[in-house]
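S.K.: Top to bottom, those sequences are chains C and G. Under the numbering used here, think of the first position of the first sequence as 1, with each following residue one higher. Under the numbering used here, think of the first position of the second sequence as 1, with each following residue one higher.
Some hints could be false.
Said to hold, decoys possible - Have a look at the derived ranges for each label pair, beta carbon to beta carbon:
1. Ile215(G) to Asn65(C): 28 to 34 Å
2. Asn43(C) to Gly217(G): 37 to 43 Å
3. Ala152(C) to Asp207(G): 42 to 48 Å
4. Gln206(G) to Asp11(C): 51 to 57 Å
5. Glu191(G) to Asp148(C): 45 to 51 Å
6. Lys82(C) to Lys218(G): 36 to 42 Å
7. Ser137(C) to Asp213(G): 30 to 36 Å
8. Arg192(G) to Asp148(C): 27 to 33 Å
9. Thr216(G) to Leu113(C): 35 to 41 Å
10. Lys203(G) to Leu113(C): 37 to 43 Å
Claimed, not checked - Below are the DSS-like pairs computed for lysine-lysine, each with C-alpha atoms no more than 30 Å apart in a straight line:
11. Lys78(C) to Lys197(G)
12. Lys218(G) to Lys124(C)
13. Lys51(C) to Lys78(C)
Claimed, not checked - Here are a few chain G residues that sit away from chain C, every Cβ distance over 12 Å (derived from the structure):
14. Thr216
15. Val229
16. Glu237
Since the hints were derived computationally from the structure, they do not count as laboratory data. Built from N, CA and C at the ideal position, the CB exists for glycine as well.
Next come the chains, spelled out residue by residue.
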Amino acid sequence: MASADKPINTDVPEKDVFALHFLQSLSNLRRQNAFNSPDDTTNNRVKKIKKAAYVSMARAAGGTNRLWSRALLRRAAKENNKVVIFSRRKKRVTWLRRSNRRDPVDAERLRNLLPGGGAMETSKLMEETAHYIKCLSMQVKVMQCLVDGLSAK
Amino acid sequence: MMMMNGEATEAELFLNCADMSVLERQRAHLNHHHYPGFFSNSSTINGGDIDGFLASAGLDLPAVYGYTTVHGDARISVTPGNITTESGNFKKRKFGCVETETKVCNEKKKMMMMMMNREAAVEEEEEEEKSKVTEQSNKSIMMMKMKNKAKKEQNSCSNDSSKVTKDSQRTDYIHVRARRGQATDSHSIAERARREKISERMKFLQDLVPGCDKITGKAGMLDEIINYVQSLQRQVEFLSMKLATVSPRLDFNIDDIFAKEVVSAPMTNLPNTVMPPHMMVNSGYPHEMVDSGYVHFNPMQQVVASSDPLSCFNNLYSSLGV
């Protein structure tokens, strides 16, 4: 009886795209002098690498079409004191936001986990989570391959 | 007065006639104010249907007018002026908005509920006489009928004539409707649609998260999903730690490797490839690399011959290339 929804689209690009973005962000990291010098503590490097991983994942998979990737990129840009400009989305913006108030306690933990989850309706939250899970697993695979490749030597 | 076609002139003759019934005058009004295009879309409107619904709902004539020409606005009060604009908008809506069609249908559904609410309020006195025993059954019957109607409405949203026929059907069993079901129905139907959406997404997620087949129920599924997302995030963190310790090995020039690997390893073109060419240009790759390496699909499987710094990436790309 429900309105005929189009099937949920959670397509994720191939591993190559993730690898490309990640390696690129790593090379950008390389170029920072602070990164290579030995007085950079391991913790900082870890944090930078982690942030690079997330940002590259967001760019590779979602671009600006996904709510979570937009939130992630915005958050990262804020940390660098930069401003991210997003083009206007094609789909209608969340005019359903008023129905969000109905049960926001429903999936609160999930909202806290997912970047940008606080502003979504529950059904949209589920969709974004599915895409996020796919992208995360892809990113994990890429990083695992990289680590294996580097440490196997 | 607008003189549009032969029918209109006849209507005018009607109007000038002294002993015209209210019904005929209204019909003349209706004919008078609709555009000819409206008729050509749905020829049955001009025929018996108008008589049918005008006759059966003589009491609620203004309300039903607004009903037939509703297309998604919240205008309930109707004047003949309204009808012209709305019928004009009918044609507009046909041409296009496929994306907003469901939205319009949903709004129309709500509109219909609201309309029925109002009509129910009007006919309340008549129904108090009916026995309370039949109320329940009527409610359920009416809800089912409303559901079916909503479904039919969705399927034929842009079909004007079917809408008018549905109007006449609807006015038939407005009389048997109970009052109590009304206020909650529009909400409950919307709620049910929303819940179905959520459960559909939950099922999708269930396939995605490994080891979730046995778990039923929303709460358990949510916990599983949250655990999975957390474990993935922890994995990313762990791997980035490992990379931080290993990364001193990446002390050769990544850019060269990158460019060579891009040319040699097969890369697929993807929908999100708007960014990477820009990024590659910005980070200083030679331009021919950008053009040839990324855009063209290089069938060469063979990776560049391994000098030491490159060999670690051989494994990487062979494992990724699968």
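S.K.: All hints, please: hold or fail.
M.R.: Against the structure, the hints:
1. Ile215(G) to Asn65(C): 28 to 34 Å: holds (31 Å)
2. Asn43(C) to Gly217(G): 37 to 43 Å: This hint holds: roughly 41 Å between Cβ atoms.
3. Ala152(C) to Asp207(G): 42 to 48 Å: violated (33 Å)
4. Gln206(G) to Asp11(C): 51 to 57 Å: Check failed, 19 Å falls outside 51 to 57 Å.
5. Glu191(G) to Asp148(C): 45 to 51 Å: holds (50 Å)
6. Lys82(C) to Lys218(G): 36 to 42 Å: Since the Cβ atoms of Lys82(C) and Lys218(G) sit about 39 Å apart, the hinted range of 36 to 42 Å holds.
7. Ser137(C) to Asp213(G): 30 to 36 Å: Because 18 Å falls outside the window, the suggested range is violated.
8. Arg192(G) to Asp148(C): 27 to 33 Å: violated (49 Å)
9. Thr216(G) to Leu113(C): 35 to 41 Å: violated (22 Å)
10. Lys203(G) to Leu113(C): 37 to 43 Å: About 20 Å separates the Cβ atoms of Lys203(G) and Leu113(C), which means 37 to 43 Å is violated.
11. Lys78(C) to Lys197(G): violated (34 Å)
12. Lys218(G) to Lys124(C): holds (16 Å)
13. Lys51(C) to Lys78(C): At roughly 13 Å apart (the allowed maximum being 30 Å), Lys78(C) and Lys51(C) satisfy the hint.
14. Thr216: At roughly 16 Å from the nearest Cβ of chain C, Thr216(G) sits farther out than 12 Å, so the non-interface label holds.
15. Val229: It is violated; Val229(G) is separated from chain C by about 5 Å at its closest Cβ, not greater than 12 Å.
16. Glu237: Given that some Cβ of chain C is not farther than 12 Å from that of Glu237(G), nearest at about 6 Å, it is violated.
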